[in-house]
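Since the structure of chain L is already known, use the hints to place chains S and G on it.
Protein chains in written order, with the working numbering: chain L, 1 to 270; chain S, 1 to 284; chain G, 1 to 432.
If you are wondering where the hints come from, they were derived from the structure by calculation, not from laboratory data. The model shown is predicted, which means the values in this text are computed figures rather than measured ones. Heads up, a few of these hints could be off.
As the list claims (entries may be wrong) - Short, incomplete list of chain G residues facing chain L, as computed with Cβ under 7 Å:
| no. | residue |
| --- | --- |
| 1 | ARG83 |
| 2 | PRO87 |
| 3 | ASP91 |
| 4 | ASN100 |
| 5 | ALA103 |
| 6 | VAL134 |
| 7 | ASP138 |
| 8 | GLU264 |
Claimed, not checked - Derived DEER-like restraints, expressed as beta-carbon distance ranges:
| no. | chain 1 | residue 1 | chain 2 | residue 2 | range |
| --- | --- | --- | --- | --- | --- |
| 9 | L | PRO31 | S | ALA100 | 34 to 40 Å |
| 10 | L | LEU26 | S | ALA100 | 23 to 29 Å |
| 11 | L | ALA125 | G | SER361 | 44 to 50 Å |
| 12 | G | ALA330 | L | PRO40 | 37 to 43 Å |
| 13 | G | ASP173 | S | ALA100 | 57 to 63 Å |
| 14 | L | ASP160 | S | LEU27 | 33 to 39 Å |
| 15 | G | ALA330 | L | ALA33 | 43 to 49 Å |
| 16 | S | ARG97 | G | ARG290 | 54 to 60 Å |
| 17 | G | ALA202 | L | PRO31 | 42 to 48 Å |
Stated by the list, open to error - Far from chain S, some chain L residues (derived; all Cβ distances over 12 Å):
| no. | residue |
| --- | --- |
| 18 | ALA12 |
| 19 | PRO31 |
| 20 | THR47 |
| 21 | LEU65 |
| 22 | ASP169 |
| 23 | SER213 |
| 24 | MET214 |
A virtual CB, placed ideally from N, CA and C, is assigned to each residue, including glycine.
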Amino acid sequence: MRRPGLWLGLAAVCAWSLAPFLWQLLTSVKPAAELEALPPFLPGAITLVHYEAIFAGHPFARLLLNSFIVSALATLLALGFGSLAGFALAKLRPPGRAATLAAVVALSMLPPVATVSPLFLLASAAGLRDTLVGLVLVYAGFALPLAVWLMAQFFRGVPDALYIAARVDGCSAAGAFVKVMLPLAVPGLTATGLLVFVFCWNEFLYALTLTSSMAARTVPVGIALFPGLHEVPWGEIAAGSVIATLPPVALAIVFQRRVLAGLTAGALKG
Amino acid sequence: MRPGAARLEPWVLMSPALALLAAVTALPMLYVVWLSLQQRALFRAAQFTGFDHYFRLAGDGRFWNALGNTLYFALVSVAMELALGLAIALLLARAGRARALIYGAVLVPWAIPTVVSARMWEWMYQPELGVLSFLAGRPVNWLGDAALALHAAIAMDVWKSTPFVALLLLAGLQAIPRELVHAAALDGAGAWTTFRRVTLPLLAPVILVAAVFRSIDALRVFDAIYVLTGGGPANATETLSIYAYRVLFQMLDFGYGSALAVVVLAITGMAALAYARLLRGGIE
Amino acid sequence: MIGVSLDARSPSVRLAAPAARRRGALRALAALSIAALAAACGRQEPRRPDALVFRHPKLFGDPEPLDRLVGQFERAHGVAVRREALPAASDEQHLFYAINLAAETTEFDVLALDTIWAAEFAQAGWLRDLSAHVSAADERDLFAAPLASVTWRARRYALPWFVDAGLLYYRADLLAAEGLAPPRTWTDLAQAVRRVRVSQPALHGFVWQGKQYEGLVCNALEFIWSHGGDLDAGAPAAVRGLAFMRALVTDGLSPPYVTTLTEEPARVLFGRARALFLRNWPYAWSLLQRAGSEVEGRVGVCPLPHAPGHPAAAALGGWHLGVNAFSRHAAVAEKLAAFLCAAPAQKALALAYGYSAPRRSLYADPELAAAQPFLASLATLLEAARPRPVSPHYVALSQVLQSEFSAVLSGRRAPAGALGAIARARRVLEAV
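Pulled out of the complex, with its shape left as it was, chain L reads as follows (with noise of 0.2 Å):
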């Protein structure tokens, strides 16, 4: 075997994974005067004034605190409301199932920038623009149908025995769903949970339009908007991007089997 070309070959994928966070992330420890040139390429000193000026002259923090609010509300209605509603395609198994769920799946494709023209409208309209409740409601509509889907497939993973087993014991098929299938499915859970809470996380589009002010405003739109009169704060820009980039990544590789089963059964499972 020629192990010395495929480790060649890993590094070389690891490295072209890596290098831009690991360069934006030496940027953000510069000090601005060796921002204005390179080389040097290392920075002279390592500094956190970056990190400091963002959560001092920006409010980065509230940033943070309405991304992490409106990705786990929406991930949680997701979950709630998609586990449901794969349980009923995959176990009870409703006349008219692969056309509703071929009909999920087509609405899992839809370009962001078709509905939100009606979606400023409406949200306008009913007063929930500008408001994490808003943005919740947005976020998990457009995250259920993967959530559908991807729980459909877990909970065909599950033997019908064992929810043949529950109803005959006399639960009714919401019983049957709490107790025996939705504990069953925790894997699957934490799998579609992961990836809708990275999708909600990182989504920029809606979060442009329907936010305006800090009551609302999330971590994409503070980074795409930084604000400056002329100028373009390099630093800070990188000291905000590492901390935005750092919950899903963390959350990807500390649950990386999690995520690489929901990517793949995601895309594949059929």
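This is chains S and G only, laid out in the frame that chain L set:
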């Protein structure tokens, strides 16, 4: 339990999901089509104009430019992601115990918010201060050259999305029975022949799924380009989503902007239908 | 049906995790959601409903002087004022306002407006009529161009806050070494670049703002105006102006990546002693001259050059303050806008930030002249700055201007073709 109730049960359980989907995706989808048939712009009286906006598209050079950019972006980035993704998947398949570590690295681009990755690349693409010009040994006008800028955006998308393709293909690779590969090797086939005659045909369906999946994403690209170039220079990187968004919210022309949005919807819709057809057999 | 069915080795079905770990994940998820819920409920007190919100672009430097001004107002009127920063670029700021004002937001009360938006916002009904806050004395004191740009149908919908005009910065040391005077015409500028480059071949000639955005419109209009052209006159002069802009790149007087430059990257290039000339707004002066700058004490500034036989022309920039028509605190919001745009506040801001006030009287103020001699020297230039077209359709027009000018600069369109497209777009817009 009454049989009628049993028949209703699944729909009751599905109703919250279906209600939310209707409110947030299906209803707005119909509404955008309705908007596209009307004059709804700043300073102009709202009125029904039928298909006027669609006729106007035909003569709008900026629309055709955006359409061309969108298709080019999707075609080139998806082709490169498939090629690179397949190479990485083949490498990962042989990684053995180091795989978990490498998964961690490969998941990073996938997990990074698109807006953030656009900011990272924008910084690396700076002509004089950027690390890429430094590596190239001379200032390169990555984002400011009309011939180069779209390719710069494609490079960023390839970086961000290849991991997803690679992981998908890896799952497909691992599903190929080892015996088949071994049998081919026993028959005296070389590595290349085995790959071409055994692995690739068995992997083809997964490749197709990855291609459709990525195409849909690439056809609706917005965040990456909005942050990286904003559509310039000379509209060389303006995609349909960007143009539609500018008409909608910069010029506040909800009628014509909605017509542009419907075009994006139609194009991705075709890809989505193809995808749904691919998967549909699997639902039964 | 696709022929994939994943066997036990594939990651997608390798889901059976040790029970303990599964419970751990579940617990983490539950904790996460509870925390989110708690946070969502905990912060249901939004802001104090009586606080005024003032939206403006981020200031250069210490926020303290503006805070002190706003503090004075808060004490005098017994209200709280919250300041919120706008995004960096003009186009994004407009996007922000358009989205929110179209939705009749009450989220902000006093808003800073780029000089080009007042007509549009006024016609859309988004701004309160502030004519009562512009006295006859103000009308005599204020510069004509900013006053015209806040005027729509003979009413004033905003108050001029400060003004900007395009300037030419040059490396005084390098020109002096060659025995050259600051350039008065574009030909002088080209010759100076060629002369200095003999000894410094790596130096860039002239850097300016060529990215496809609002700044390019200002730069391109300056090229057109200084060749005697205008958007209104479909004349050869405008073609010459745009051809000159393109030639700056093809002749190597400007680097090719001038097509990505906005104000700050251009200022940084010049500030790192990488260019001989820079077109920028007055704000760059104090940054280029601050201690530690590579070009400290070696920078000069003069009016933008012009083609021989034509007057120089600088584009008018700057900010107005307006009041949101949907504001719940309109009366006191109007007072805040008027307070910040009155001479004393403008003088304080000029002293603290070097912002140029739009009032003739302030340039005669001895204290200001002593503290900010640079600013005082700009009075005539600022007063002569030319506005971009005043029209409620300006932003839609600007979309066309940006893409056509960018296409000329990239060599994708001939100047005459671009001007023709602009004229057609204007006719369509104005016909509405």
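These are the hints, each one checked on the structure:
| no. | hint | result |
| --- | --- | --- |
| 1 | ARG83 | violated (11 Å) |
| 2 | PRO87 | holds (4 Å) |
| 3 | ASP91 | violated (11 Å) |
| 4 | ASN100 | holds (5 Å) |
| 5 | ALA103 | holds (4 Å) |
| 6 | VAL134 | violated (26 Å) |
| 7 | ASP138 | violated (25 Å) |
| 8 | GLU264 | holds (5 Å) |
| 9 | PRO31/L with ALA100/S: 34 to 40 Å | holds (37 Å) |
| 10 | LEU26/L with ALA100/S: 23 to 29 Å | holds (26 Å) |
| 11 | ALA125/L with SER361/G: 44 to 50 Å | holds (48 Å) |
| 12 | ALA330/G with PRO40/L: 37 to 43 Å | violated (54 Å) |
| 13 | ASP173/G with ALA100/S: 57 to 63 Å | holds (60 Å) |
| 14 | ASP160/L with LEU27/S: 33 to 39 Å | holds (35 Å) |
| 15 | ALA330/G with ALA33/L: 43 to 49 Å | holds (46 Å) |
| 16 | ARG97/S with ARG290/G: 54 to 60 Å | holds (56 Å) |
| 17 | ALA202/G with PRO31/L: 42 to 48 Å | violated (26 Å) |
| 18 | ALA12 | violated (9 Å) |
| 19 | PRO31 | holds (14 Å) |
| 20 | THR47 | holds (17 Å) |
| 21 | LEU65 | holds (16 Å) |
| 22 | ASP169 | holds (14 Å) |
| 23 | SER213 | holds (17 Å) |
| 24 | MET214 | holds (18 Å) |
Hints 1, 3, 6, 7, 12, 17 and 18 from the list above are not met by this structure, while the remaining hints are.
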